[in-house]
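Given chain Z, work out where chain A should sit, using these hints.
Protein chains in written order, with the numbering used here: chain Z, 1 to 239; chain A, 240 to 271.
If you are wondering where the hints come from, they were derived from the structure by calculation, not from laboratory data. Source: prediction; values computed, not measured. C-beta atoms are modelled at their ideal positions from N, C-alpha and C, and glycine is treated no differently. Be a bit skeptical, because a hint or two may be false.
[Claimed, not checked] Pulled a few chain Z residues facing chain A out of the computed Cβ check, cut under 7 angstroms:
#	residue
1	VAL14
2	VAL18
3	ALA21
4	ALA22
5	VAL25
6	ALA26
7	LEU29
8	PRO54
9	LYS55
10	GLY56
11	LEU60
12	VAL62
[As the list claims (entries may be wrong)] Label-pair distances were calculated between CB atoms; the ranges are:
#	chain 1	residue 1	chain 2	residue 2	range
13	Z	ALA211	A	LEU253	47 to 55 angstroms
14	Z	ASP212	A	LEU249	40 to 48 angstroms
15	A	ALA257	Z	VAL70	40 to 48 angstroms
16	A	VAL250	Z	LEU138	24 to 32 angstroms
17	Z	ALA7	A	ALA264	24 to 32 angstroms
18	Z	ALA211	A	ALA257	49 to 57 angstroms
19	Z	SER233	A	LEU249	41 to 49 angstroms
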Amino acid sequence: VDGQVRAAAFVLYVVGLVVLAAATVAVYLAMRDVMAIGGSCASGGPYEVATPCPKGTGTLMVGGFFGWFVGAGLAAIAGSRLPGGYGSLALLGWPALFLSLGWNFLEFGFEPANGGGTDGSLVFCGVLFFLMGGVPLLFGLKGLARALWPAASPATEESGSWSLTDQIRMATSLSPLRMVDVRLKAERPAPEPAPEPASGEDIARELERLADLHSRGALDDDEFERAKAILLSGEEDRS
Amino acid sequence: VSTLYRVTMLVVTLAAVAGGIGLGAWAHAVLS
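Chain Z with its partners taken away, still in its complex shape (with noise of 0.2 angstroms):
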């Protein structure tokens, strides 16, 4: 059941990847389309169009928005279900849409389609667009580097996967749609239970209990260290 799981996962990771970067092209090309006969168009409605959209306009832009949030919901939930968490890099499909739609402003703006100088309100949409992808960008790059190269990386916590404080700047720098992933709450740690008091007994009985926890292999040196240390300051803390 395990490796069906797996694979419908993985095969939903790639179907979903496939669809978000298919749905970031339409867009950016539907918008390309737009821009390039003076950035705004109409169709249907009983007024009277002064400029008809190009062909194909609506479908591309309502479709590949819609396909947007499912490719990018597909790759981010199934592919946190694969081994290493994959989960994350569904994340990069914020920055590929607003630094591709963003160029699309820049270039318009700075030439416009229907002659005429730079257009400042469309440069300035550029640049926001740009903020808006490659701030998170920053954060996303640093996630996949450690995620490729976990020998490279100092934190080794978390080697091979995309870290947690790394996933939550990316996460938390797109505004003003938040998007967190599915990983964070699987991941997220238990919160540690504060030491109660104990006596000397207590404390003793506690560390006979952690080291055949140790010795059974249930807690790995570190963890029995960490145990250690937690109860040990608890008595510290009293005396």
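Frame of chain Z; chain A shown alone:
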């Protein structure tokens, strides 16, 4: 998680993104 698995996933991921870009460009060419 082995190195082979990571490399395979990297290749699959890049291929999926490249395939998606191609699919999006194809859809644009067909629809417009």
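Structure-based check of each hint:
no.: 1; hint: VAL14; result: holds (5 angstroms)
no.: 2; hint: VAL18; result: holds (4 angstroms)
no.: 3; hint: ALA21; result: holds (3 angstroms)
no.: 4; hint: ALA22; result: holds (4 angstroms)
no.: 5; hint: VAL25; result: holds (3 angstroms)
no.: 6; hint: ALA26; result: holds (5 angstroms)
no.: 7; hint: LEU29; result: holds (4 angstroms)
no.: 8; hint: PRO54; result: holds (6 angstroms)
no.: 9; hint: LYS55; result: holds (5 angstroms)
no.: 10; hint: GLY56; result: holds (3 angstroms)
no.: 11; hint: LEU60; result: holds (6 angstroms)
no.: 12; hint: VAL62; result: violated (12 angstroms)
no.: 13; hint: Z:ALA211 x A:LEU253: 47 to 55 angstroms; result: holds (49 angstroms)
no.: 14; hint: Z:ASP212 x A:LEU249: 40 to 48 angstroms; result: holds (43 angstroms)
no.: 15; hint: A:ALA257 x Z:VAL70: 40 to 48 angstroms; result: violated (19 angstroms)
no.: 16; hint: A:VAL250 x Z:LEU138: 24 to 32 angstroms; result: holds (25 angstroms)
no.: 17; hint: Z:ALA7 x A:ALA264: 24 to 32 angstroms; result: holds (29 angstroms)
no.: 18; hint: Z:ALA211 x A:ALA257: 49 to 57 angstroms; result: holds (54 angstroms)
no.: 19; hint: Z:SER233 x A:LEU249: 41 to 49 angstroms; result: holds (43 angstroms)
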